[in-house]
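Chains as they are written, first to last, in the numbering used here: chain A, 1 to 365; chain B, 1 to 365; chain C, 1 to 365; chain D, 1 to 365.
One copy or two, either will do: identical chains are not told apart, so a pair holds if it fits within one copy or between any two.
Straight-line C-alpha distance at most 25 angstroms; calculated SDA-like pairs for lysine to any residue:
no. : residue 1 : residue 2
1   : Lys54     : Arg99
2   : Lys235    : Gly307
3   : Lys54     : Ile151
4   : Lys54     : Leu93
5   : Lys176    : Arg240
6   : Lys220    : Ile342
Because the hints were derived from the structure by calculation, they are not lab data. Predicted model, so just to flag it, every value in this text is computed and none were measured.
Protein chains: 4
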Amino acid sequence: MSKSDKYTTIHYHKYLELDALLSLQKPRSTAAGETAHDETLFIIMHQVYELWFKQILTELDSVLLLFREERVREDNMHTVLLRLRRITTIIDLLIEQIRVMETMTPLDFLDFRDYLFPASGFQSVQFRMVEATLGLREEDRITYHGKSYKIVFTEEQQARLHDIETGGSLFELIEKWLERTPFLRFGDFDFLAAYQEAVDRMIGHEQAQISNSQLSDSMKEMRSRMVGDSSTYFKHVLDREEHERMVASGEARLSYDATIAALLINLYRDQPILNIPFNLLTELLNIDEGLTTWRYRHAQMVMRMIGNKIGTGGSSGHDYLARTAEQHKIFRDLHNISSLLIPRSSLPDLPPAVERGLGFHFRNT
Amino acid sequence: MSKSDKYTTIHYHKYLELDALLSLQKPRSTAAGETAHDETLFIIMHQVYELWFKQILTELDSVLLLFREERVREDNMHTVLLRLRRITTIIDLLIEQIRVMETMTPLDFLDFRDYLFPASGFQSVQFRMVEATLGLREEDRITYHGKSYKIVFTEEQQARLHDIETGGSLFELIEKWLERTPFLRFGDFDFLAAYQEAVDRMIGHEQAQISNSQLSDSMKEMRSRMVGDSSTYFKHVLDREEHERMVASGEARLSYDATIAALLINLYRDQPILNIPFNLLTELLNIDEGLTTWRYRHAQMVMRMIGNKIGTGGSSGHDYLARTAEQHKIFRDLHNISSLLIPRSSLPDLPPAVERGLGFHFRNT
Amino acid sequence: MSKSDKYTTIHYHKYLELDALLSLQKPRSTAAGETAHDETLFIIMHQVYELWFKQILTELDSVLLLFREERVREDNMHTVLLRLRRITTIIDLLIEQIRVMETMTPLDFLDFRDYLFPASGFQSVQFRMVEATLGLREEDRITYHGKSYKIVFTEEQQARLHDIETGGSLFELIEKWLERTPFLRFGDFDFLAAYQEAVDRMIGHEQAQISNSQLSDSMKEMRSRMVGDSSTYFKHVLDREEHERMVASGEARLSYDATIAALLINLYRDQPILNIPFNLLTELLNIDEGLTTWRYRHAQMVMRMIGNKIGTGGSSGHDYLARTAEQHKIFRDLHNISSLLIPRSSLPDLPPAVERGLGFHFRNT
Amino acid sequence: MSKSDKYTTIHYHKYLELDALLSLQKPRSTAAGETAHDETLFIIMHQVYELWFKQILTELDSVLLLFREERVREDNMHTVLLRLRRITTIIDLLIEQIRVMETMTPLDFLDFRDYLFPASGFQSVQFRMVEATLGLREEDRITYHGKSYKIVFTEEQQARLHDIETGGSLFELIEKWLERTPFLRFGDFDFLAAYQEAVDRMIGHEQAQISNSQLSDSMKEMRSRMVGDSSTYFKHVLDREEHERMVASGEARLSYDATIAALLINLYRDQPILNIPFNLLTELLNIDEGLTTWRYRHAQMVMRMIGNKIGTGGSSGHDYLARTAEQHKIFRDLHNISSLLIPRSSLPDLPPAVERGLGFHFRNT
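Whenever a hint applies, use it, and build me the whole structure from the sequences.
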C-alpha cells in the first residue's frame, strides 16, 4: 500500500472486514444440532469485550511508550491524560454491558452451558494483559487452587504476560515519574518540613478549640482522641523508615518519594503546572475504580446466572470474582493519599518565588 | 460435529475465534505508513456496532418467526417480550457507546479521515436491515440526493433488503396480531360503543364543572375550548372512514382495527390477559424511542467531529442524521394512542362476564 | 380543598413548593463565615437521595398493601410489577448519582468536613426503612461497634422501624404468596416428584455420555465428579428436613415450600399464568442487586474521599459499607434458585391437563 | 453562629432539614380526596430537577465570578474547569432521570393530570436562569404564541432574568477571554497568516494528488470539487469582514477574534499552556450537547405521555420542546470550529521561541 492510497476508495463493509467479522460467531449448540437461541448473544457479548480489551491495550501501550521516553515531554502529558480518560470511558461501557448479559436468564444459559466446558473468562489473556500492564503482579493475584493464573495459557501467551510483568508497568513508570517531581525541594523551601509544621499547627489548634468548646466531656474526649489518632497517623506515614518497612511488608507499594510527590500534587493542584499531574493521578483512580466495579458487577452477574455452583471453568466463579474486585486494585496507595490531606486553610503558603515557578510564564519577546 | 461434542473440551480463546477476531483491525493509515493512533478506535467502535446489529437482527428474526406461526401461541409471547426487551437494552448500550467515540477529538479524526473516503455509516447494510425488519419502508426514508438508499449496496445486499421489505415486517405482524384481538366485541359488550359513551360522558361532565367553577371568564373559555378540542379529536380519530382516509394519505399507518385494539389494551392493561400485550406494545415504543435517541446523539457527535462540513460519505451528515432521528420512527401510531386515553375513573366498567374472560382461570381438576 | 379544585389553577412554582424547597440548603460553613463552595453540592446530593428514598418507600408501601389483601388479586400483580420496576429504575439513578459526588475532590470535602460531625449516612432513617420494608431484620445487619443500628435515631423513629420490622416485610409477604402457589400438586401431577425424577435421569444420562466420550481419563474423572456433586447438591437441597435445618441455622431463610414454588416458577416461566410471577421474582433480584451495587459504589466513593480514615459518623466508613454491600442482601435465596435449574430439554413435560390449566382461557360466550 | 460552631454537633436529619423537605410533597389529587398514586412521583421528580438546577446555578455563578476578575487568574482556570465538568455530570444525571419519569404510563398520568392545570415546565424560572446565564438571549428563544417567555413569571422573577440577560453571560465572558488570548501575534509569528498559508499548501497538495491518482474521472471530479469547496469555505470564514457580516445577520455570534483564538487553541492544544483552555472549550460543548440531549429526550417523553395533545401549560409540548432542543444551543460557533481544523501534518510548525513560550518554565533558582 502506498501513501497515495488515501486516494483509492474503500467501502465501509470492506474497511471493517465485515464478511470475516460476522462469520466468527459459531454456536457449539448449533454445530451439535440443538441450537440454543442465546448462545449467539453469549458469543457476541464476549467478542465485544475482547475488542474493547484490545482497544484498552492499544491505549495503555501508547501511554507506556510516552512515559518511557528518557525525559517525559510535558506536551505529551495532555495526550496521556486524554488516553487514560478514554480507557475510563470504555470501562464504563463494559460495566453497562453487563445489563445486556443479564437479559439472559439462568434457564436460557443452561441450554448451552455444557458446550462451553471448560472455557471461561479466566482464559482471557487480554484481560490479564490489561491488569499486568497497569501494574498487577503475579504475587498480587488471588490464586485459584493454589496454581499460577498463567497455566490456562499457551507458552507464547505466558511469555507475553511475563514480558509485561517484567518490562515496567504503568504503576512503575508513574512511580518513577512522581519520584522525579522537582518541586519537593525548591530553593530554600522544603515542602515536607512545611507540611509537617502545618499538620502540627492544625492539630494543636483543633485540640485547643475542643477544650474551649461547649461539648460534653465524653464528646470532648471522643473528638480529642480522633484528632490524636490523626496526629499519630500523619507522623507514622510521613516517616521514611516506617514507610519503607510498610513497603517491605507489602502494606504499601508506592515508594516514599513518590508518595510525598503525590501528596504535594494533591495539595497544590490549583497551581497551573500541577493541573495535568493532578488530573492524571485522578484518572488512574478512575480506571482502578472502574475495573473494581466491573469485577464486582461481573461477580453479581455470575451469582445470578449460576448461583453458588461452580462455573464452566471449574471455579466457584462468584466468590473468586468478588474477592478479586477489591484485591486486584492497583493504585491503592493513591487512594490513600486522601487520608493525608489537610484543609486548604491550614496549607502552608508557597513562597512567592515558588508560586511563580509553578505558574505559566508567557514571554512574548 | 456430533451431539457428543458437548463432551469435547473447548478453550475460551478458540471458542470466541480470537485469533481471527483480533486480526481484523487494519488501519489504512498504518498501511500507508503514517499511523494515526485513533484509527484503531474508529475501527473497533464500528465493528462493535456491527456485532450488536447482528445480535439485534438475530433477536428480531426469532421474534418474526414466532409471530408468523399460524396462530401466535400464547406461551411464546413472554419469550417475544424478553427478546424485545433485550433489543432495548442493547440499543441503550449503543447510545452509551457514543461517549467512547466522543473521546476522539476532531483533530485526531483528521489524522486519518481522508483514508476513509467514501466509506460511511450509510453503507451499513445491517443497520438498514434492522430498520426494514422493524417496518421502515423505502418510501418512509428520507432520501439522500434523491436516490434510493440502496445504491450503496451490492446486488446481493439489495436483494436481501428487498426481501425484508416485502416479506412482512414486525410492524405488519404486530398490526395483524392486534387486528385479531378477540376482545373488541365480547358477548353483548361492544368496546367501542362503551368507550365513546364514556368519552361523551366525561366531556359533558367536564364542561359542566367548568361552568360551575370559580374560574375567570377567560379561563373558563380557554379550558372549555380545550375540552371541546378533545371532543372533536376523539370523534375524528374513532371514525373508521376518517381513519382510512388518514392511512391513505400517509398521516397514519396502523389500520383502524389494530388502532382500536391497541387502545383497548392500553385502557384495560391491568386485566391479567392483557398484561403481556401491554408490555409488548410498550417495548415497541422503547425500541423506537431508543433508535431515535441513538440517531439524534449520532447526529450530535457528527456535528462535533466535523462541524457542518460534508461527511466521508459525501453527505452533510449532521443534517441528514438529525432529520432521520424523528422521521424514521416506525411505531408512531402507537405513541399517539396516548392522546386517546381517558382517565380510569371515566372508564366503562367491564361486564362481569368479560372481566372473568380476561382473567386467569386456574382449574385444578 | 374540594373536589372541584381541579378547576382552580396552580402555578408550577407553587405546586412544587419551590420557595420552601430552595431555602432548605443551609451550609454550616457559610453560617460560620467561611463558605466552602462544595457544601451546597453535598447538601443537595443528600436531599435528592432522601427524596428518592421517600419515593421508594411510597412504592414499597403500596406494594405491601396490595400483597396484604386476603387474596392477592391477580389484576393487581401487574401493578405490583410496574412499581417494583420503578424502584429498580430509581436505584439505577441513585447509583449514577455517585458520579456527581465524585466530582467533589477530597481536598474540597476537607473545607467543610469538620462542620458535619457527627452527621453521617448511618443516620438516614428512610434508608433503614427501605431495607427493613424489603425484609432486612435487625439480626441480619452488620453491627457497628456492637450496638444496635437504631441508637442514632429518635424514639419515634425507632418505633417506626420496629413497626416495620415486625409488621410483615416484603420478604415475608412474598414467601407466603409463594407458599400459596396452587401448582405444586395438580390433579395427579406431583411437581416435585417429576422434577426429582428428571434430575436423576439427567444425571444418569450425563454420566453415561462422559464414560463413552473421547475425554482423557483425568478429564472424565473431573467432569464425572462435577456431575456427582450436582447430584448430591440437588438431593441435599430438595430434602425438606435438611432445608428446615438450614433455615434454623440461618444458612437459608426462605421456607421449603416457597423455595419449591420459586423453582417451579423459574422452570415453567413460559406458561402464561407464570409470566408475571416470574417477572416479579426477577424484579426482586434486580432491586437486591441494585442496592448491593449502590452500597458497593458508595463504599468506593468513601474510600476515595477520605481514604482509610474514619468517617464523620466516627466509623471506618469504607470497610463497613463494603461489608454491608453483600451482607445486607435480602433475597439471597432467590438468587440461589439458579443452582437448582435443569435444562429445558430435561424438564418433565406437563400433562396436557396441567398445561391447559396454566394457559389463558378466553371464553367468548 | 460562631466559628467555633464546627465543634457543636449536628444530626444528619437536622443538617438536611428533612422534616421540612419531606413535607413538601402535596399531591393535589390527595387534597381533592381521590389520591392518584403516581402524583407523588411526579412531584418528587420535579423537585429533584429543581434542586439540581439550583446546583447548576451555584456552579455557574461561581464560574462567572472567577471570569469577571479584571485579569482571569491562571490558577483559577482549573477550578473553572472542574466546576463546568460537574455541571456536565449533573446534566447526564438529569437525562438519566427521564427513565424514571417513563415508568409512569400515560394512563397513570391521566389520573391527576387535570389537577396540574396550567402548571408546566415552562414555568421553571431556574431552568430559564440556567439558559440565560450560559448565554441564551431572549431573541434567541423560540417564541411560544408570539409572546415573551417571561410572561409566566412574577415581576421579581422577570427582573432577575433581565439582570442575568444584561449582566454578562458565560458566553460573553468566554468571548472576551478568547479575544484576550495573547498568542495570535507572537514576536514575528503571525498565526493567521501561517495558518492560511498551510491551508493553501494543503489544498494544492491534495489537488495534485487527485490529478495523479488512479481514480475514475468522475471520482476525480467529485473529490476535486470537495477540496475546492473546502478552499472556498476556509477563505470565506477567515475573512474578517465576511465574519462581521455573518455576526450582524445572526448567522454567527462569536466575534472574529474570539473565533480565531478558539481555532488556535484547538490546533495547538498539546502545548502545555493551551491544555486547560482546550479542555475548557470542550466542556462548554459538553454542557451544550448535554442540555440539547436533555431537551430532546424530554420532548420524546412528553410525546409518549400525552401524544400530540397539548400539554398542561396549554402548549403542544412535544413540538415546542423538540424545536428548542437544537435552537437553544448556545455555543454553536465553538462546534463549528471543527470544520476549520486542518490535519496536524499540515500544521505550521511553531517557531522555537513560540514553542518555548507556550511550555512550562520551571525555574528552580
